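**Q** In case you want the letters, here they are:
Protein chains: 2
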Amino acid sequence: MKARVHVMLKSGVLDPQGEAVRHALGQLGFDGVEGVRQGKVIELDLAETDAEQARATVTEMCEKLLANTVIESYSVEIA
Amino acid sequence: MKARVHVMLKSGVLDPQGEAVRHALGQLGFDGVEGVRQGKVIELDLAETDAEQARATVTEMCEKLLANTVIESYSVEIA
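Respectively, the protein sequence lines represent chains G and H.
Per UniProt numbering, the first sequence starts with residue 1, numbered consecutively.
Per UniProt numbering, the second sequence starts with residue 1, numbered consecutively.
To be clear, the hints were calculated from the coordinates, so they are not data collected in a lab.
Treat the numbers as computed from the prediction; the structure is a model and nothing was measured.
Even for Gly, the Cβ is constructed at its ideal location relative to N, Cα and C.
Mixed in with the good hints there might be a few duds.
In silico negatives: residues of chain G with every beta carbon more than 10 Å from chain H [said to hold, decoys possible]:
| hint | residue |
| --- | --- |
| 1 | Glu19 |
| 2 | Gly35 |
| 3 | Val41 |
| 4 | Arg55 |
| 5 | Ile71 |
| 6 | Ile78 |
Coverage of chain H stretches by chain G, computed from C-beta distances (three or more under 8 Å per stretch; other residues unrestricted) [stated by the list, open to error]:
| hint | region |
| --- | --- |
| 7 | 25–36 |
| 8 | 39–49 |
| 9 | 59–69 |
Based on the sequences and whatever the hints tell you, model everything.
**A** Put into structure tokens, the structure is as follows:
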């Protein structure tokens with residue numbers, strides 16, 4: 001079973017990577033870019049076959065390792 | 001208009017970040033993790049209002065800046 005986790009900085013937390021990308025896009029001539037946020041995506045290949053159990057496990061992985069929940073939010077997709 | 005870009009290492013390209021996550025998950029007691037790939041997600045807030053035009057622009061951004069197409073693949077979602 002495949003799972004995909006998105007980890008983004010919470011809104012309000014300064015995102016220097018996103019700002020750098022926005023600046024670089026402007027310099028390359030891309031106008032009309034009003035905001036950029038950069039985050040991580042983690043794709044997991046799990047032996048688990050039950051979707052609900054997989055979601056619970058991946059949520060626990062996020063809490064313990066994948067996200068810093070003080071400044072980052074995460075979302076889990078099971079496919 | 002919002003766009004989301006996923007940038008992942010192409011399959012076959014070694015992914016040390018993903019390997020590090022897989023190893024750390026194993027050490028935390030999460031069994032049954034068969035593979036981990038880590039990539040980037042970039043969320044763009046665009047002034048453009050036409051979806052097709054936005055997709056074309058973001059694809060060009062990927063080719064020029066956001067992805068290293070030698071080793072990375074990207075996908076664009078317009079929302």
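**Q** Hint by hint, note whether the structure agrees.
**A** Hints versus structure:
1. Glu19: Per Cβ check, G:Glu19 is outside 10 Å of chain H; nearest 12 Å; holds.
2. Gly35: violated, 4 Å
3. Val41: The assertion about G:Val41 is violated, with a minimum of 4 Å to chain H.
4. Arg55: holds, 14 Å
5. Ile71: Given that every Cβ of chain H is farther than 10 Å from that of G:Ile71, nearest at about 16 Å, it holds.
6. Ile78: For G:Ile78, whose nearest Cβ neighbour in chain H is about 14 Å away, the distance exceeds 10 Å, so it holds.
7. 25–36: holds (count 9)
8. 39–49: With 10 residues closer than 8 Å to chain G, the region 39–49 of chain H meets the three-residue bar; holds.
9. 59–69: holds (count 5)
Checked against the numbered hints above, the structure breaks hints 2 and 3 and satisfies the rest.
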